[in-house]
Structure formats: structure tokens, C-alpha cells
Amino acid sequence: MTIFSLWAHKVINKAGGLVYQRNFAGSSSDGLAQLTSNEYLVLAGTLHGIHAITSRLSPTGSSSGAQVIEGETFKITILLTATGTKFVLLTSLAEATAEVVLQRVYEAYSDAVMKNPFHTPEMPIRSEGFDARITSLIGAGQP
Amino acid sequence: MQQYSQPHPRFSVLSGSSLSSAEHLSPTASSTRFSLPSAPSINTAIGTPKPGPRPNIYDRNINKTRTSEVSASALTFLFSEVVQYTQKRVSGINDLERRLNTLGYRVGTRVLELMVWRAESSSKAPKREIRFLPALMAIHTQVWRAVFGRPADAIEKSVENEDEYMIIDNDPPIERHISVPRDMNQLSCSSFTAGIVEAVLDGLGLPARVTAHHTPTQQFSSRTTILIKLDKSVLEREEILK
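So the sequence lines, in the order shown, correspond to chains A and B.
Residue numbering for the first sequence follows the UniProt record's numbering, starting at 1 and increasing by one per position.
Residue numbering for the second sequence follows the UniProt record's numbering, starting at 1 and increasing by one per position.
These are computed hints drawn from the structure, not numbers from a lab.
Some clues are possibly wrong.
In silico lysine to aspartate or glutamate, DMTMM-like type, Cα no more than 25 angstroms apart, as pairs [said to hold, decoys possible]: (1) B:K88 <-> A:E70; (2) B:K88 <-> A:D111; (3) B:K157 <-> B:D231; (4) B:K242 <-> B:D202; (5) B:K242 <-> B:E162; (6) B:K242 <-> B:E156; (7) B:K88 <-> A:E122.
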């Protein structure tokens, strides 16, 4: 029941740009590799591409794309919003609250980021209010 | 925002008049996510909706909208745009605060006028404040209630300067979702509120210079102090009236 990492993943044009990323307590002891910010950007771009592919694979009409991707030891939950922003949560398999957490993150994003006049759309999120909301939602993060 | 120069109370945060800006958004056309929860109150304010031209805002009953509320989300989005619009047209933090103060001043003059008219029509003995302290109390409770829906949290008097008074708000609603970047940390967006207070004091004949300062405590991270520095003439008159 561990939440490893949260990527708030905002789409810029047709390429996916990462605007917020944070790892959470216990992730390094559980062996989540520490990556450079560039590597996170690449991963986010790749995931954006995979998501775009999955949204075109549906044999029965249109689809919003992948929502959960599961591995042997972890799962990736993706929340696609109406405006194209993606929120991605990396958790353990047993974590049952990922969808709910992502909805809450979306709420925090709408409040603390979109209503903040000092935030530039499509740019990385540097908002103390958002950090505080995420901390109270998920727990202390790692730098 | 283009119509900002029009002589129209677009920036009024008072429930009744701010609905006029909501008129531009058709409640049926907007998506559910951005629809204004207060939209139905437009209709209740003017009775049953009828096709045809809506009554002029100046013909409406000023007391019917006294307790109606606007959506906090819509207001914060609007204020966020106000700050962004202003920030693009200024150089420096002092300039930004001054412009926000000026915008608040435009709201404040209308707040005072509307409050006086409402008191006139609803109370049997309407009263105009002529002394400073009762006026300060009225700002702390009535003005705050009319604009933000609740009284401010405290009034303080400066120990060092006898012409300085402070109104304290622990969690200013317009700043609730604003995170000021570190390189601008002297900025307080409540300069807008300071402008409202300055206009009300000016309108009551108590000229003062009003500024806003961010004074966080452990418990309240967005606590804000509205500092009122009274004009010398006010103190002299208070002395005579004693």
C-alpha cells in the first residue's frame, strides 16, 4: 500500500511535457530509482505517446485511452482530464485508492494552480499552495 | 478584461452588482464545470425569468440581493485574471500594489454607496458614522460581511504611532489560492482589499492611507494585516469632537 510517485503530466501541443513530479516517502527504500529531471521528462513523454496509442486501439468506438497499467509489482494509474492534462500515480499493486487520490490531486490542481495568478499555463508548477495540498493529501514527499 | 475602462461596476465584488459580469456568460451555454452556482440567483433577484429585455440593474431591489452569494471559484478566477492583467502593465511590486489598490478603490466607493442605500431603506434609524472608531468597527464587520460574507478577525491599534490602526484577516478569501513567488514576497494581493477600505474611509470623510501587509503566523499562513494610516486632519477633528 505504498504510493511511490506522482507525476502531474500536462500536455503541451502534441508532445507531453512534465510540469510536476514528486516522489513520496518509502520510495527509495523500496528501490524506486532516483532519476534526473531530464529522465523524468523523457519518461513522461514516452507515457504520453503510449497513452495516445492506447486511445486509438479501441475496437468499439472512441476511447479516452489507458487508465491503469499494471506490472508484476506496481501499477500506473492515469487520470485524463477534460482539458488534456494527465495526472499519473505510480503505486503498489495493493493500493486501492489511487483513483480517488488522483481526483483529489485534480481538485488541488484546479484550486492551487489554476486559480493562482502567478502560474503560467503549460509551465512547471512552482506553487507552495499546491505542494502543501499534495503533502496533506499523500504525505511528506522527498526532495 | 478589455472593457475595464467602461464606467460599469465590473469589479464590484458585491453580490448584487457582480452578477452583472456574470450576465456575459450565458448559464446555459457554459459547461457544467464552469457554471456559476450563483446563476439561479440572477433569476430570483428579478422574479420569474421572462423573455425579452432584462430589467436595468439600477431598477432592481437593492435589498433582495443582500444575502445572495457569488461562486467563490468564479470570484477567485476573476481576481486571478485581475492580478495577471495588472501585472502585465506594471514595473515592480510597489506599482502592482498601487494599481490593485486603485481597482479596490473603485469597488469600495460602490460598496459604501450600496451599504448606505441598503441601511436607508431597511432600518428605521439609518445612521452615518462620523467618528473614526465606530466607522472602523463598521468596516470590520459590515463592510467585510458585505464583501466577503464574514467579519474580519481582529482590529488592532498601533502602539508606536497613534494614527495607525490595523484590521486583521486570518484567511483572506481572495488570496486563498494565491501562492506568491519567493522573489516577490513583499507583495500582498490584499492591496485590493486595502483599496476598498481606503475608499470607504474616504467616503465617510476620514481620509487615510491604507496598505496591506502579509503577516503570516504558524497557524494562519495567509494572515494579512490591513494597515490604516489616518490623515492628520482626522486626528485633529477627533480631538475636537471628544
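Against the structure, the hints:
This hinted pair does not check out: K88 (chain B) and E70 (chain A) have alpha carbons roughly 46 angstroms apart, beyond 25 angstroms. Among the hinted pairs, K88 (chain B) with D111 (chain A) is consistent with the structure: their alpha-carbon atoms are about 22 angstroms apart, no more than 25 angstroms. Straight-line distance between C-alpha atoms of K157 (chain B) and D231 (chain B) comes to about 15 angstroms, which keeps the hinted pair within the 25 angstroms bound. A distance of roughly 21 angstroms separates the Cα atoms of K242 (chain B) and D202 (chain B); the hinted pair therefore holds under the 25 angstroms criterion.
Taking the CA atoms of K242 (chain B) and E162 (chain B), the gap is about 16 angstroms. The hint holds against a cut of 25 angstroms. Our distance criterion of 25 angstroms between C-alpha atoms is met by K242 (chain B) and E156 (chain B), whose separation comes to about 21 angstroms. For a cut-off of 25 angstroms, the pair hint linking K88 (chain B) to E122 (chain A) stands: about 18 angstroms separates their Cα positions.
Violation of the numbered hints given earlier is confined to hint 1; every other hint is satisfied by the structure.
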